[in-house]
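4 protein chains.
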Amino acid sequence: MKTIKDSVHDHIEVEGVARALLDTPEMQRLRHIKQLGTASLVYPSANHTRFEHSLGVYHNACEALDHLNVEGPRAEKVKAAALLHDVGHGPFSHNLEPLTHRRTGKYHDDVHELFERGDVSTVLRDHDIPPREVADLVAGDGRFGQLVSGELDVDRMDYLVRDAHHTGVPYGTIDHARLVRELTFQDGELVLAEGNVQTAESLLVARALMTPTVYNHHVTRISKAMLRRAGERLLDSTRHDAEDLRRMDDPGFLVALRRTEETAEVARRFDERDLYKRAVWAERANVPEHVLDIEHEDERGYELEIAERAGVDPDQVVLDVPGEPAMDESSTRVLVRGEARRLDQQSPLVEALQSAQLAQWRLGVYCPEAVTDQVGTAAARVLDLDIDGALVTEVRGLQGTLDQYGQ
Amino acid sequence: MKTIKDSVHDHIEVEGVARALLDTPEMQRLRHIKQLGTASLVYPSANHTRFEHSLGVYHNACEALDHLNVEGPRAEKVKAAALLHDVGHGPFSHNLEPLTHRRTGKYHDDVHELFERGDVSTVLRDHDIPPREVADLVAGDGRFGQLVSGELDVDRMDYLVRDAHHTGVPYGTIDHARLVRELTFQDGELVLAEGNVQTAESLLVARALMTPTVYNHHVTRISKAMLRRAGERLLDSTRHDAEDLRRMDDPGFLVALRRTEETAEVARRFDERDLYKRAVWAERANVPEHVLDIEHEDERGYELEIAERAGVDPDQVVLDVPGEPAMDESSTRVLVRGEARRLDQQSPLVEALQSAQLAQWRLGVYCPEAVTDQVGTAAARVLDLDIDGALVTEVRGLQGTLDQYGQ
Amino acid sequence: MKTIKDSVHDHIEVEGVARALLDTPEMQRLRHIKQLGTASLVYPSANHTRFEHSLGVYHNACEALDHLNVEGPRAEKVKAAALLHDVGHGPFSHNLEPLTHRRTGKYHDDVHELFERGDVSTVLRDHDIPPREVADLVAGDGRFGQLVSGELDVDRMDYLVRDAHHTGVPYGTIDHARLVRELTFQDGELVLAEGNVQTAESLLVARALMTPTVYNHHVTRISKAMLRRAGERLLDSTRHDAEDLRRMDDPGFLVALRRTEETAEVARRFDERDLYKRAVWAERANVPEHVLDIEHEDERGYELEIAERAGVDPDQVVLDVPGEPAMDESSTRVLVRGEARRLDQQSPLVEALQSAQLAQWRLGVYCPEAVTDQVGTAAARVLDLDIDGALVTEVRGLQGTLDQYGQ
Amino acid sequence: MKTIKDSVHDHIEVEGVARALLDTPEMQRLRHIKQLGTASLVYPSANHTRFEHSLGVYHNACEALDHLNVEGPRAEKVKAAALLHDVGHGPFSHNLEPLTHRRTGKYHDDVHELFERGDVSTVLRDHDIPPREVADLVAGDGRFGQLVSGELDVDRMDYLVRDAHHTGVPYGTIDHARLVRELTFQDGELVLAEGNVQTAESLLVARALMTPTVYNHHVTRISKAMLRRAGERLLDSTRHDAEDLRRMDDPGFLVALRRTEETAEVARRFDERDLYKRAVWAERANVPEHVLDIEHEDERGYELEIAERAGVDPDQVVLDVPGEPAMDESSTRVLVRGEARRLDQQSPLVEALQSAQLAQWRLGVYCPEAVTDQVGTAAARVLDLDIDGALVTEVRGLQGTLDQYGQ
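First to last, the sequence lines map onto chains G, U, V and E. For the first sequence, position 65 matches number 65 in the UniProt record's numbering, and the numbering has no gaps at all. For the second sequence, position 98 matches number 98 in the UniProt record's numbering, and the numbering has no gaps at all. For the third sequence, position 207 matches number 207 in the UniProt record's numbering, and the numbering has no gaps at all. For the fourth sequence, position 104 matches number 104 in the UniProt record's numbering, and the numbering has no gaps at all.
Hints in this document: simulated from the structure, not taken from any laboratory. Don't take each hint at face value.
Identical copies go unnamed one by one, so any copy, or any two together, can satisfy a pair.
[Unchecked claim] No more than 25 Å apart at the CA atoms, straight line, and that leaves these computed lysine to any residue pairs for SDA-like:
no., residue 1, residue 2
1, 2, 68
2, 2, 177
3, 2, 143
4, 2, 122
5, 2, 63
6, 2, 67
7, 2, 215
Whole structure, please, built from the sequences with the hints as guidance.
This is the structure:
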């Protein structure tokens, strides 16, 4: 048994297959992928990695399985899945997913492929664990898949607390030790035990408060969108393909950007934190339907049109249209008088938080600070936004205030 | 200047009038009044007092005034009010308020009276501060009264964090340092600066999650209700009047109960944590209008009737009908594009949290464990509750589960 | 199983005999005895009790036994002892020990007596545990007695962290989770496993830093000494005997002081924190041998003589001569290359810390602020201290500075 | 003014010259240099950077200057120096210092050079601050240089706490807020105010406990020594010079290693955490004088000789001879009765901690796990160590145990 010191869970005991998996290159690579991607540009102490997070998720899984009285080979499988759940992540985690997984289309197909070969596969087989079954658990399939990847998974019970610890934003400080203890199965479904409506709500609320403050902070979003565009240029200009990209780590990706002529300027902007600013920051009500429904592949066309109308270099305009906010936790099940009820049927908070998230939704157009005026005006016209020039100006007026807690 | 070490704010610097006030018997008395009254019967480490909380509120006030650039005599007045805001509290804080303030009817009249005499008055006058003005601030009057006692007051910015620290329940872990920094005045009204809708929501949510988990935990409520009845017996059986009661501290009140024949049994139950249990725990929908509207003075009549029907000693039945849940924070004002908006107009969370609180509302009838059956049945009949015997039984069935996080 | 939320260990699971013991009046009484006695007069947030500390010690014992693979009846016994280890404490814990145990002379005789009768005895017997064996463990006897009361006991692994959490002084923040994991037995002796010299040193250092800052802060010592004298007057003036005193809790003792004419003034001083000040604060080198060797019973004689010479009321002089500083942890055993070595043989820190403690040793003479001058001069003469009038004045000169972190 | 959220100090307010400096490429580069170099290979959550640490040091400087009542241009200079104190660091901070600064010989010469050109210089001049003066402060010169770089500097008041927060090892949890408040000047010297011997000791002890547990953990040392050798190969095999090296960041250096044939294998070992193990781990008493006095430049010769005798590739042997442990804090000055005394004259702890550090001193020889036997035996002979073959074996026997808290 190995004991590892962790800033969140204090001591994590690693044994069995998990111990062997820890030493694989696939797991070690996660040391170089930050948990929060570009959020460290807003919160300078948020440099924690997918590696330590994976250990935390493994720890939570062990605790939960212990409370559920699950032992032996079945438990080993779940623990392996918990530890491995993020090995498929590309550089900057979710930020580049549209690129890294654009061929396969589905993240989980790729995980299956990854688990079938390499050291992870060898270690799993050495411990008589079929890789496919672990990949299924990571994909959320089956009774215990819910524990690894579902509304009540041990993943979010780690990341909320860890992100709070490292950013310094306290909103994610959930009672994870209680959550892990209150998990139980009812008719094959993972549910929270009696008396835990509040506990479920607290999880939901924590994520709802962390999202705009940390995960979707506008500086996080701007830098993420810049990286995504740069990644596309990289794929277009070099011999790197999506598969290559997927296997890079954060610094490897940045080095590739630096060394490619077409992306060197973005790399410099990253190195010096000389980021684009918002030219447009529009509420949902002001965005026409056809822009909301835009496909990722078509965004580039709009960018070119905006750049042309604004008279700026096409590389200097980035359009960022988020999808509709999801809220997985709304289908969390909690026992109420012996019956498993969906949280959104039980708690008025779910709907309110969904409304709040919609209200926080913003379409962004980003560009160098010097040209926000012309780009903002051009974008409003091209995207047919229901905002006039004044609003664009107002957006820029807000920069100062809203930037305050960024750096 | 004096520096005091605090478990929440680390170092608190006390100077000027505050330093002198600290040594008055009125302030020192708060050392013997627990911040959370009977909640330590649920959370054993929640033994923090009104004294340390008052220091914390004073500290927050200093920080806020510093950010608002308020100095000199005006600041001194507000600081004094912050430090003194709880000196009027009787034993077990809010738990006994209906008794301690039944003559005057209004808590704040009493504070005015208290500030006009005794050492507090002397110290204030020695520092050229009119006691009446400080009492007005404590009552929430005037521009700076909002800071001491309002929806955005420095009181709640301390107690949520402190209660979280000492109970171990993390829900109250708000970003109080940010809140204090973001306060500003607009047209004489205390508001949160631009970009803080989220910050305001987090305060609201923290209280909404702490309320059922800590402040209204059923064991807290049961013990509170038992104390209240015992306090009434004390007033009826002895020469103590409301004024006496108001000046007792927690242990002084318990000693009085022990030494009075009529209340000695309740005192023993407290000393040994041998508390009453729930005979009825009814949702709002099952309670008829006339019971919801019951006056505090009329509750005793119902208790006697229930006891008689159940065939138990009248002292063994306690009826607990909470008022409609309030949510002061809903009128918090936040700047949105330069305009001060009420939070309930801006955030869908307010209404949802209000619904959630209504859903958590419960009428309770408490009695010794041995007689919960007959008392429950009798109470259902006397109070005309829309629940049948089965439900009473179910309530008892829940005891085990729901008691889990109590002790 | 019952789960209790704790500010230090988060969730504590209580089951078996421990759960039943929790509800005994003997355990519940510990809710009203503060862990740090009068230290809350220095650190206002240090209101934690022997009750929550006992739960913490029980928790540590469970963790340690788990790592040592001890189960079944033997484990139950040790857990009971861990939970009960403080039930013999009188009011204000160690502060009044010279009084509460002056008849029996030995604290542990009294514990044996206590365990043989009352609810604790009944609960233990109901679980087939001989009370005598639990009392032996509390006294530190036998293999597992070392775990309950020894240099490496689970008691100090709780109190250091808990005292740090509640005072806000970080020095006690030891790595208790590591300590508990590293315990092992070698030839029947409890030792720390290989590679833990540092770990042992950290425990030693934590206590060495907490002692002067918290446990022996001069305000703690003054108030403790005042209480002790008041307790003696109480025993002399009323029908209370040591046995009565021993069964009181903190507020009960204070009420007794208030209601007794001879001690009412001290009670008032406590209530209003109007404490005595130092008239003398002398280093060890300046105190003659015969004063260092003074018996507790003879102190009163010196006080009377000092009072007479100073021309003040004999009740106004308190002499406080601490014993030689002990350092139990010095005999901690740690495995070094497979051999159990005493820490003081292995680490140069032990001797240094002992010297440091001797250097911090002070004899104190306390009295009301108005008479420190004459009492200081008189005491220097009566106690034959090697200090002149100037030094007494200097001591008073230091009051301001040294008091800073007290209140 | 800008407010930045920090995991340690919560909110850090940045204004004036500091705000402008924050945006220079020199400061932004520190985002990519880990505070603890290779320690994250032991403590996976220790990924904090020199950037956030620099902000913390700046924050401490602001607090200290505020308590010292220093304002205006003089304060601005000190604040700039605090923020900039680490801009001269090369990749992996101190780990590569012998290489990065081998030309200039002195770290601080390089800082002076750095401050004279580039954006830092421009920003300083724009704020009327002579770069040379700031560089002098960073070098510890002058009255306020002590605050930036001395025994009582604001640097260590940040890093101890930050390292504790991010590693999870609590030993560094000093009372930094108190330290910052207690600083004062006496005759031009920075000292701790009266009553702070304890406070000074706590700082000393914190570093003494963190050193072996974190800073000198054997895995940290092994990986550091491997990096150093690889850096030398890099300088020898490529056109990179010391100046280039000094301007790289952590990932840049690793990429350079990966891309150079001679160092690619070490880079792989780093990426996969396939580190060398200890072949020798010898106490000071067993090392002959001439080996203790070895110059850094001569180590390579010994390595070649050991490799030859052991019959292994010369690249596979790394010799690591640490210098004599320093203890800067020993000359800390504390006021005792108005006189500034050196801590080592006042506290017996200083000498004891120095002895303890000497006792922890170890010479290491590292190599791939498969050849530890032959390399250990060869090294013992070549270095004339007073250990026989048995001891080498024992060292390897300890690997398991001692590795426990590494990964």
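How the hints compare with the structure:
no., hint, verdict
1, 2 with 68, "both (23 Å within a copy, 16 Å between copies)"
2, 2 with 177, "both (22 Å within a copy, 15 Å between copies)"
3, 2 with 143, "neither (29 Å within a copy, 28 Å between copies)"
4, 2 with 122, "within (21 Å within a copy, 43 Å between copies)"
5, 2 with 63, "both (16 Å within a copy, 17 Å between copies)"
6, 2 with 67, "both (21 Å within a copy, 14 Å between copies)"
7, 2 with 215, "between (33 Å within a copy, 20 Å between copies)"
The structure shown violates just one earlier hint, number 3.
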